[in-house]
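Numbering (my numbering), first residue to last: 1 to 203.
No wet-lab data here; the hints were simulated from the structure.
Nothing false has been slipped in among the hints.
Simulated restraints, written as ranges between beta carbons of each label pair:
#, residue 1, residue 2, range
1, T39, D118, 33 to 43 Å
2, I100, T166, 17 to 27 Å
3, P132, D158, 19 to 29 Å
4, T86, S129, 15 to 25 Å
5, I100, T23, 22 to 32 Å
6, G151, T23, 16 to 26 Å
7, G151, L47, 17 to 27 Å
8, S134, A38, 30 to 40 Å
9, D20, G145, 32 to 42 Å
10, S123, G151, 31 to 41 Å
11, A38, I100, 35 to 45 Å
12, G82, S129, 22 to 32 Å
Idealized CB from N, CA, C, for every residue including glycine.
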Amino acid sequence: MIKATFIIAAALAALPAMADTVTFTISAIGSGTLVNGATTTTFTDQLITFTQVTDTTAIINPCFGYTYPCAPDVATNTVTIGGVGTETLTGPTYFFDNGINVAGIANAPFVVFLGAEDSSLASYNMQTSFGPTSYGIYSGSSVSGESTSGGTLSITWDTTNYPDATFTAVVGSPTPEPSSLTLFGSGLLALAYLVRRRRFAQS
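Turn these sequences into a full structure, and let the hints guide you.
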(Lines of atoms letter the chains of each structure in order from A and count residues from 1; the text may use other names and numbers.)
(Lines give C-alpha, C1' and ligand atoms only; values in the text may rest on other atoms or scores of the structure.)
Protein backbone atom coordinates (compact mmCIF):
# COMPACT_ATOMS: atom_id res chain seq x y z
CA MET A 1 0.00 0.00 0.00
CA ILE A 2 2.89 2.34 0.81
CA LYS A 3 4.41 1.69 -2.61
CA ALA A 4 1.09 2.43 -4.31
CA THR A 5 0.72 5.69 -2.40
CA PHE A 6 4.24 6.73 -3.39
CA ILE A 7 3.52 6.10 -7.06
CA ILE A 8 0.31 8.13 -6.94
CA ALA A 9 2.16 11.01 -5.26
CA ALA A 10 4.91 10.90 -7.88
CA ALA A 11 2.40 10.93 -10.71
CA LEU A 12 0.40 13.80 -9.24
CA ALA A 13 3.59 15.77 -8.62
CA ALA A 14 4.08 15.97 -12.38
CA LEU A 15 0.74 17.72 -12.95
CA PRO A 16 1.73 21.26 -11.83
CA ALA A 17 4.04 21.50 -14.85
CA MET A 18 1.45 23.37 -16.88
CA ALA A 19 1.55 25.59 -19.93
CA ASP A 20 -0.96 28.38 -20.51
CA THR A 21 -2.24 28.89 -24.04
CA VAL A 22 -1.75 32.46 -25.20
CA THR A 23 -3.38 34.00 -28.28
CA PHE A 24 -1.83 37.11 -29.80
CA THR A 25 -3.73 39.29 -32.25
CA ILE A 26 -2.98 42.58 -33.94
CA SER A 27 -5.37 44.30 -36.31
CA ALA A 28 -5.68 47.47 -38.36
CA ILE A 29 -7.39 48.82 -41.47
CA GLY A 30 -5.46 48.13 -44.66
CA SER A 31 -5.68 47.69 -48.42
CA GLY A 32 -3.95 45.31 -50.77
CA THR A 33 -4.10 42.23 -52.97
CA LEU A 34 -4.20 38.46 -52.66
CA VAL A 35 -2.86 36.85 -55.83
CA ASN A 36 -3.58 33.19 -56.53
CA GLY A 37 -2.38 32.21 -59.99
CA ALA A 38 -4.35 34.22 -62.52
CA THR A 39 -6.84 35.42 -59.90
CA THR A 40 -6.21 38.66 -58.04
CA THR A 41 -8.47 39.61 -55.15
CA THR A 42 -8.30 43.30 -54.28
CA PHE A 43 -9.44 44.66 -50.92
CA THR A 44 -9.68 48.29 -49.82
CA ASP A 45 -9.93 49.70 -46.30
CA GLN A 46 -10.68 46.35 -44.70
CA LEU A 47 -10.04 45.21 -41.12
CA ILE A 48 -7.03 42.89 -41.20
CA THR A 49 -6.16 40.72 -38.20
CA PHE A 50 -3.06 38.61 -37.67
CA THR A 51 -3.24 35.80 -35.09
CA GLN A 52 -0.79 33.45 -33.40
CA VAL A 53 -1.70 30.79 -30.82
CA THR A 54 1.13 29.37 -28.71
CA ASP A 55 1.80 28.84 -25.00
CA THR A 56 3.56 30.89 -22.38
CA THR A 57 6.42 28.39 -21.95
CA ALA A 58 7.28 28.69 -25.65
CA ILE A 59 8.06 32.42 -25.49
CA ILE A 60 11.72 32.99 -26.44
CA ASN A 61 14.07 35.56 -24.94
CA PRO A 62 16.45 36.52 -26.46
CA CYS A 63 14.55 36.60 -29.73
CA PHE A 64 16.84 35.60 -32.59
CA GLY A 65 19.79 37.10 -30.75
CA TYR A 66 18.02 40.28 -29.64
CA THR A 67 17.23 40.87 -25.97
CA TYR A 68 13.44 40.96 -26.12
CA PRO A 69 10.71 38.29 -26.10
CA CYS A 70 8.99 36.70 -29.06
CA ALA A 71 6.76 33.76 -29.86
CA PRO A 72 8.05 30.77 -31.87
CA ASP A 73 8.66 31.31 -35.59
CA VAL A 74 5.96 29.09 -37.16
CA ALA A 75 4.12 28.55 -40.43
CA THR A 76 0.66 28.18 -38.87
CA ASN A 77 -0.24 31.78 -38.06
CA THR A 78 -3.28 33.27 -39.75
CA VAL A 79 -4.44 36.50 -41.33
CA THR A 80 -8.13 37.41 -41.54
CA ILE A 81 -9.10 39.98 -44.15
CA GLY A 82 -12.52 41.59 -44.05
CA GLY A 83 -14.58 40.63 -47.10
CA VAL A 84 -12.00 38.01 -48.15
CA GLY A 85 -11.59 35.43 -45.39
CA THR A 86 -8.93 33.78 -43.26
CA GLU A 87 -5.67 32.43 -44.70
CA THR A 88 -2.69 30.66 -43.16
CA LEU A 89 0.67 32.42 -43.39
CA THR A 90 2.66 29.56 -44.90
CA GLY A 91 5.99 31.32 -44.47
CA PRO A 92 7.28 31.37 -40.85
CA THR A 93 6.10 34.40 -38.88
CA TYR A 94 6.04 35.33 -35.19
CA PHE A 95 4.72 37.86 -32.71
CA PHE A 96 7.24 39.96 -30.81
CA ASP A 97 7.68 42.80 -28.35
CA ASN A 98 10.93 44.58 -29.05
CA GLY A 99 11.46 45.78 -25.49
CA ILE A 100 11.46 49.42 -26.55
CA ASN A 101 8.12 50.47 -28.00
CA VAL A 102 6.80 48.10 -30.71
CA ALA A 103 4.76 44.88 -30.50
CA GLY A 104 3.40 43.03 -33.50
CA ILE A 105 4.06 40.35 -36.10
CA ALA A 106 7.09 39.89 -38.36
CA ASN A 107 8.74 37.28 -40.55
CA ALA A 108 12.30 38.31 -39.60
CA PRO A 109 13.92 40.86 -37.28
CA PHE A 110 13.08 44.38 -38.48
CA VAL A 111 10.69 43.02 -41.16
CA VAL A 112 7.40 43.96 -39.50
CA PHE A 113 4.06 43.13 -41.12
CA LEU A 114 2.08 45.13 -38.59
CA GLY A 115 3.29 46.74 -35.39
CA ALA A 116 1.69 48.81 -32.64
CA GLU A 117 4.00 51.50 -31.27
CA ASP A 118 3.90 52.96 -27.76
CA SER A 119 6.39 53.31 -24.89
CA SER A 120 4.03 51.41 -22.57
CA LEU A 121 4.86 48.21 -24.51
CA ALA A 122 8.48 48.28 -23.37
CA SER A 123 8.00 46.09 -20.30
CA TYR A 124 5.54 43.53 -21.68
CA ASN A 125 6.93 39.98 -21.36
CA MET A 126 4.37 38.25 -23.66
CA GLN A 127 3.39 35.78 -20.93
CA THR A 128 0.33 37.57 -19.53
CA SER A 129 -2.91 38.91 -20.95
CA PHE A 130 -2.72 42.34 -22.52
CA GLY A 131 -5.23 44.77 -23.99
CA PRO A 132 -7.01 45.04 -26.29
CA THR A 133 -5.32 48.40 -26.61
CA SER A 134 -4.92 50.62 -29.68
CA TYR A 135 -1.68 52.41 -30.51
CA GLY A 136 -0.22 54.14 -33.55
CA ILE A 137 0.87 51.85 -36.37
CA TYR A 138 4.64 51.39 -36.49
CA SER A 139 5.93 53.35 -39.47
CA GLY A 140 7.90 50.39 -40.84
CA SER A 141 4.85 48.14 -41.13
CA SER A 142 4.15 46.57 -44.53
CA VAL A 143 3.43 43.23 -46.20
CA SER A 144 4.93 42.51 -49.60
CA GLY A 145 4.59 39.22 -51.47
CA GLU A 146 3.99 37.06 -48.38
CA SER A 147 2.98 33.43 -49.07
CA THR A 148 -0.37 32.32 -47.70
CA SER A 149 -2.69 29.37 -48.19
CA GLY A 150 -4.82 31.59 -50.45
CA GLY A 151 -2.05 33.12 -52.53
CA THR A 152 0.55 35.86 -52.33
CA LEU A 153 -0.44 38.67 -49.99
CA SER A 154 0.54 42.34 -50.10
CA ILE A 155 -0.82 45.03 -47.76
CA THR A 156 -0.33 48.75 -47.32
CA TRP A 157 -1.43 50.64 -44.21
CA ASP A 158 -3.04 54.06 -44.58
CA THR A 159 -1.65 55.62 -41.40
CA THR A 160 -3.14 59.01 -42.29
CA ASN A 161 -6.79 57.93 -42.33
CA TYR A 162 -6.45 54.81 -40.14
CA PRO A 163 -3.49 55.48 -37.84
CA ASP A 164 -4.07 52.84 -35.14
CA ALA A 165 -3.41 49.15 -34.65
CA THR A 166 -5.03 47.13 -31.86
CA PHE A 167 -2.83 44.66 -29.99
CA THR A 168 -4.24 41.92 -27.75
CA ALA A 169 -2.91 38.92 -25.84
CA VAL A 170 -5.30 36.49 -24.16
CA VAL A 171 -4.00 33.82 -21.80
CA GLY A 172 -6.31 30.80 -21.75
CA SER A 173 -6.84 27.74 -19.58
CA PRO A 174 -3.77 25.73 -18.52
CA THR A 175 -3.10 22.51 -20.43
CA PRO A 176 -0.73 19.74 -19.29
CA GLU A 177 2.58 19.57 -21.11
CA PRO A 178 3.18 16.27 -22.99
CA SER A 179 6.01 15.28 -20.63
CA SER A 180 3.70 15.66 -17.65
CA LEU A 181 1.05 13.47 -19.25
CA THR A 182 3.66 10.80 -20.00
CA LEU A 183 4.92 10.73 -16.41
CA PHE A 184 1.39 10.67 -15.03
CA GLY A 185 0.43 7.82 -17.34
CA SER A 186 3.53 5.84 -16.32
CA GLY A 187 2.59 6.25 -12.67
CA LEU A 188 -0.93 4.96 -13.27
CA LEU A 189 0.37 1.93 -15.17
CA ALA A 190 2.75 1.08 -12.34
CA LEU A 191 -0.06 1.44 -9.82
CA ALA A 192 -2.29 -0.88 -11.83
CA TYR A 193 0.50 -3.46 -11.95
CA LEU A 194 0.97 -3.35 -8.14
CA VAL A 195 -2.74 -3.69 -7.48
CA ARG A 196 -2.98 -6.65 -9.82
CA ARG A 197 0.08 -8.29 -8.23
CA ARG A 198 -1.36 -7.78 -4.73
CA ARG A 199 -4.68 -9.37 -5.72
CA PHE A 200 -2.87 -12.32 -7.32
CA ALA A 201 -0.84 -12.89 -4.14
CA GLN A 202 -4.00 -12.90 -1.99
CA SER A 203 -5.87 -15.40 -4.20
